[in-house]
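J.: Sequence:
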Amino acid sequence: MNRYTCPLCSSYHLRLADMVPTIESVYQEIDELVNCYNCREAYKKLEILGDSIVDKAEWNRKCAEVCYAISNMEDKDQERIEWLKKGRKHALDAHELNPTSIAILKILCSTTGRLAEESGVRDKINLGFEFKTHLDRAVAVDPSCFELLHMRGRFSYQVANLSFFERLAARTMGTLPQAEQLRPGITENRLYLGRVLYAKGDYAEAKKWLIEAAKATCDDDEPVEREHIRAAREMLQLKVFQK
Numbered sequence: 001m002n003r004y005t006c007p008l009c010s011s012y013h014l015r016l017a018d019m020v021p022t023i024e025s026v027y028q029e030i031d032e033l034v035n036c037y038n039c040r041e042a043y044k045k046l047e048i049l050g051d052s053i054v055d056k057a058e059w060n061r062k063c064a065e066v067c068y069a070i071s072n073m074e075d076k077d078q079e080r081i082e083w084l085k086k087g088r089k090h091a092l093d094a095h096e097l098n099p100t101s102i103a104i105l106k107i108l109c110s111t112t113g114r115l116a117e118e119s120g121v122r123d124k125i126n127l128g129f130e131f132k133t134h135l136d137r138a139v140a141v142d143p144s145c146f147e148l149l150h151m152r153g154r155f156s157y158q159v160a161n162l163s164f165f166e167r168l169a170a171r172t173m174g175t176l177p178q179a180e181q182l183r184p185g186i187t188e189n190r191l192y193l194g195r196v197l198y199a200k201g202d203y204a205e206a207k208k209w210l211i212e213a214a215k216a217t218c219d220d221d222e223p224v225e226r227e228h229i230r231a232a233r234e235m236l237q238l239k240v241f242q243k
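If you're matching positions, the sequence shown starts at 1 in this note's numbering and goes up one per residue.
For the record, the hints were derived by calculation from the structure and aren't laboratory data.
Predicted model, so just to flag it, every value in this text is computed and none were measured.
If a hint is listed, it holds; no wrong ones were tucked in.
Subject to a maximum C-alpha distance of 27 angstroms in a straight line, what follows is the list of computed DSS-like cross-link-like pairs (lysine-lysine):
(1) Lys44 - Lys86
(2) Lys132 - Lys200
(3) Lys124 - Lys76
(4) Lys132 - Lys86
(5) Lys208 - Lys243
(6) Lys86 - Lys76
(7) Lys124 - Lys89
(8) Lys85 - Lys56
(9) Lys124 - Lys85
(10) Lys243 - Lys215
(11) Lys239 - Lys200
All chains, full assembly: derive it from the sequences and hints.
T.: Right, here's the structure in full:
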């Protein structure tokens, strides 16, 4: 820190600017709280910061990311949905202020896509197409991003129905394996690889990926990850995988 000599008392003092925490240091503190699973405390700090912040787009992005993290820690479906709605609102506000930011597009895709999955049929359709629009823009900017490739494959699986499932499943397989190559070992991605391969009738390959997902481990504060592991283990109980 810089010090200066006071002309009145000839003593050294800290400059006022050095005593006030920077926005970067505050965001770093918030990131550390999230990494330690103290996400609600992180969101409270962001709320307090909101009135004085200049870059509202970045602030809304951080809020959206923290809300999304909180939703992943919620065991109760309704509370998870409420946090996803709050996160999506922050992401939409951020996107309106800075429509070209890839970081904002990513969290907008994450909150919208997950909210679509958790919603009823009508909202699922509306949010699903909105998600696809944001996702296409994001992929155009960053075509090799793991998160985006995973979300695109996940979307194809979620919106598919029996009348055109095979066509969508084939398209899905072009992105989920690519996502696995970019970031190996993500349980959620491996679960969806298994699901899509199962839907295509490739049971041997499906079983391989489901086993990988089922043997993953997670902390007590990761209920969503725990759900992915449980889903993989339940699928492995299907008769086609007992051979």
